[in-house]
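Line order of the protein sequences matches chains A and B.
Numbers 1 to 762, taken from the working numbering, label the letters of the first sequence in order.
Numbers 1 to 168, taken from the working numbering, label the letters of the second sequence in order.
Since the hints were derived computationally from the structure, they do not count as laboratory data.
Heads up, a few of these hints could be off.
Derived Cβ-Cβ restraints for the label pairs, each shown as a range [as the list claims (entries may be wrong)]:
(1) B:158 - A:85: 52 to 62 Å
(2) B:72 - A:424: 50 to 60 Å
(3) B:35 - A:435: 50 to 60 Å
(4) B:158 - A:125: 49 to 59 Å
(5) A:231 - B:18: 50 to 60 Å
(6) A:435 - B:72: 48 to 58 Å
(7) B:158 - A:759: 46 to 56 Å
(8) A:42 - B:4: 31 to 41 Å
(9) A:593 - B:72: 49 to 59 Å
(10) A:423 - B:72: 27 to 37 Å
(11) B:158 - A:2: 17 to 27 Å
(12) A:687 - B:158: 33 to 43 Å
Think of the CB as a built atom: it goes at the ideal place given N, C-alpha and C, for glycine as much as any other residue.
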Amino acid sequence: MTAVPRSDAWEKVTGRARYAVDMALPNMAHAAVVRSERAHARIAGIDRAEAEAAPGVIAVVTADDLGDLGRRFGHIVPDHAVLADGKVRYYGEPVAVVVAETPHQAADAADLVWVDYDDLPALTDSATALASDTLIHEQSYAEPGQEFLGVAPTPSADNVAHRGELAWGDAEAALAEAAAVVETTARFPLVYGYAMETYNALADWQPGSLHVVSTAQHPLMVRKELARMFSLPLAAVRVEVPYIGGGYGSKSYTKLEPLAAAASWASGRPVRVTTDVEAAMYTTRADGAVVTVRTAFDAGARICARDIDIRFDTGAYADNSPLVLTKSINRSFGPYRIPNLRVRGVAAYTNTAPASSYRGFGAPQGALAGELNMDMAADRLGIDPVELRRRNLLAPGDTIIDGKRPLDADLAADIDAIVNALDQHAADRDAAVQASGDQHAAVHAGTLRGRAVAVTASDAGASPISTAQVRMHADGSVTLLVSSTEMGQGSRTALAQIAARELGVDLDAVAVGQSDTRFTPFEWTTGASRTTTVVGLAVQAACADLWDNLRAKAAESAGVPVDDVIVHGGRLHLAAETLAPAEVIRQWFGADAGEVVGVGVIRRDGATEMLPPFWEIGAVGVEVSVNEATGEVSVEHLVTVGDVGHAVNPDLVKGQDLGAATQGLGIALWEEMVYDGEQLTNPNLIEYRVPRLRDTPRRVTSVLAERGDGAGPYGAKGAGEGALNPVPAAVAAAVGRAVGVWPTELPLTPPRVWSLLQQAEQ
Amino acid sequence: MTAPVTSTVIRFRVNGHDREMLVPVRLTVAELLRDRLGLTGTKVSCEMQVCGACTVVVDGDPVSSCAALACDLDGTEVLTVEGLAQGRDLHPVQEAFMEANALQCGFCTPGFIMMAVALLDAHPDAGAEDVREWMDGNLCRCTGYAPIETAVTLAASRLTAATAEDGQ
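With the rest of the complex left out, here is chain B:
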């Protein structure tokens, strides 16, 4: 009888860098990012995929990192809040959150930003209802949501304008 597999090697990219790691099979993506890679921008709260605080983008899709296993990251590309800015230049979604005062305690902010990034990457023409539908899966306890909705809508309109300009 062979011993049960308790760890596995995964190869993946996180924020543009290739990684190869031996991870316990029980390790969550959030634990991998926070405890092994020091990427503490990803936050954990409900641990049940309902609050969205731990949202990261895996191969373009928003994923609750608290409920995904690190071993399943093999062969994927992961983007976290730390990977958004280009040097000193913030991502338009980050800028919009600052401008719209769309945060208070900030604990939900990385998750909202990553969800908005996933939305606008998938649907650059996202309208008000798309924003409401996508952002409904993230919780914020401080702001009452209105400034967050404003921020995502602002980022969407800017990205649409920028895309239109590029097209000309």
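Only chain A is shown next, with the shape it has when bound in the complex:
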């Protein structure tokens, strides 16, 4: 379709766009959270008298004050304490909430809450936690029979938050008989999906109802957890999500909402809870991982088997990590023909910040070792790494995982596009060197270069459960209602484009209402790159339903059978006349008034019967240069392929690809949460470094592959995560090629690369 401008641009450039943190309610109070100063300890006592006496304080709330409210939440395993209940499991865990008239008063009083701790051994990394007799959770909170997206929680024991396995054939036997076996172990760092609007929530409890405004990506998931916590009907809980200041998966599921709601319930006032960056880093991070991949090849460099071990550092609470681990297992071995496979994964509870979703979850962790392993194998087998991949890639229609949707993408064509772009850049550079002569060569002495290609396929799209509602007004304009959230991806624009096309109206005639559970219809989540595909299908179905309703009304008004009304070219054709939809509406109501509604419901049926709704492709190429003296890595060229089937809005797809790839570069080169003992040493954006403008690649090539091979509208598939997933692996492989030593951990900071350079010299 077309790259129409974003519908939210004017609001956003004028400062008029409203985010949760900008919202206020009458008589609103402010909360400050008292956070644990221990990684693992029993709470011996909490002295709140001084805080309660401080100016402006309305209430001090601890776990003991929660009355009949549910004490725990968690959409897969309800292990997550709203307020630390008897013990703390990570430094930064909420222990109490102070509610006061102003934010300053709340913050001042929070410093006057004195907590006594009896220390327990702090298990701050996954290997230590799995080997320890000390239990982070003394009991399992897994509920028998409950499952989430097909993931049945593992009853926790021995600090295991979740286990998973995927296997076919006999990997062990194939490894034993292979011509060559290549092994790779890589460590994926703890990273923070920094969204510039940090987590915040505003809650207004009233008898029999709860209204929450928050930064949640998935308002319906939050509604369910709050309804359970407050023993309220779903309909009595309203979760409203205005524009979100960045999500990237980090705002998936429930975060601060239970705290804010408990504070409102306890104080009888609407209460806002916010986080600074430090508190946000302690609220949710991505799972750190250590992954070992062993790949067996035959004499023709064809894969005989892959055997993969994944160990996650999941932090103190499970949150979404059981699903992240399951996805990592599914996404670790790559879109290759693998006759024998065994992947085993374990997610360990540790006394660190809870881990959950972050863009592409599970895929970047698995692909780092998996794709780096392909490059190492190519080296060992003496063939080109792209050729090794071509020899083993799955073709369109092939099975990736038995019982799941066959591959709906042409990966070989994607790789060709990447190689062409990388070659073009190299040719341009050679030409420039030739033109500038020795001068240019001198400048680049001491610079090593490497390039790499990496591919991933992710079972994305989450659960295809979605409802859209279109209301056509008496002038033919349309209000589209959906509960997908707008966090920058442009869903408001893209979904309006689909509705406009289906209804034959101008884009200006479509207004979109989003993500307020009191008014907008059901939506599973806004994540897993699903919105254009799954919600797009719901919008199409709603428009079809609207046409049916218009036909019925036109027939009724004319006194003819419905079959005599034909819809074509955005109009309704009857034997005697041709009517615009607006005319049908006015005729039927007998006034310049009224509206006709269409509802579209998507479930596991038809185009979305088979899961996943689509395979999200990640296909990238990078060329890096490494400064031999300093170990500094620069990205000379980044190539992304947006293999989206059909780009409803090409600018939005390219925006997703560049944004996702840039976050991948952050993980590859700079970002790492560093625990030194019980707490983070770098809980701020000075020492936790994210990419800045001058860090960006010198050249970017953004390719769109539109082959109409998706299950979504007009053949669309999702974008948003794909371009991140293979980037850390591609950068690691490119640096490995440049230096001559394969990296084993990220990020590739100058000291780490410098030490690789030293190893290369030996």
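Chain A is already provided as a structure; the job is to place chain B on it using the hints.
For chain B alone, coordinates are given in the frame of chain A:
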């Protein structure tokens, strides 16, 4: 012994309007703008002067409003994102951000726009390297920066062209 001073009266201009306010001495400029004046276009994120989301222009200079005290505004002129448009007409930098699709979630956008306005007011002839240097102090997590660089460069070239026209 006298009681410590905890509040002070300041007189300043914000977006062209004179203000006189009693402010606590601990109040930041961002808190003043957002919580007292309802100017929520200014965003707060890192609270350490590294992300630039809270950038406003004070007497022509870009300032991180999260780390500046409201009491220090006495006698100054403050410009925020809400003060850029003239009625329905957007500032050229705002227009360029729209045209270049230089935003996604939009949370960093007011800060980038104010930094670009400060740059182009101080250096109407800003070149590509100036844009990269000035904008390097603002973070964006969505776009990968390229469209933002394009937008600021576009606004710079238009302002240069307009200045040249005025001069003729």
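A quick look at each hint next to the structure:
Range check, residue 158 (chain B) to residue 85 (chain A): Cβ separation about 59 Å, and the 52 to 62 Å hint holds. Range check, residue 72 (chain B) to residue 424 (chain A): Cβ separation about 53 Å, and the 50 to 60 Å hint holds. At about 58 Å, the beta-carbon gap between residue 35 (chain B) and residue 435 (chain A) stays in the expected band of 50 to 60 Å. Distance hint check: the CB atoms of residue 158 (chain B) and residue 125 (chain A) are about 54 Å apart, consistent with the given range 49 to 59 Å.
In this structure the supplied range 50 to 60 Å holds for residue 231 (chain A) paired with residue 18 (chain B), their Cβ-Cβ distance being about 53 Å. Separated by about 53 Å at the C-beta atoms, residue 435 (chain A) and residue 72 (chain B) satisfy the suggested range of 48 to 58 Å. In this structure, residue 158 (chain B) and residue 759 (chain A) meet the distance hint of 46 to 56 Å, their C-beta atoms being roughly 52 Å apart. Between residue 42 (chain A) and residue 4 (chain B) the CB atoms are about 40 Å apart, so this pair conforms to the stated range of 31 to 41 Å.
Between residue 593 (chain A) and residue 72 (chain B) the C-beta distance comes to about 57 Å, which sits within the given range of 49 to 59 Å. Against the hinted window of 27 to 37 Å, the Cβ-Cβ separation of residue 423 (chain A) and residue 72 (chain B) comes to about 56 Å, which falls outside the hint. Distance hint check for residue 158 (chain B) and residue 2 (chain A): the Cβ-Cβ separation is about 25 Å, which falls inside the suggested range of 17 to 27 Å. With their beta carbons about 39 Å apart, residue 687 (chain A) and residue 158 (chain B) fall inside the hinted range of 33 to 43 Å.
Of the numbered hints stated above, the single one contradicted by the structure is hint 10.
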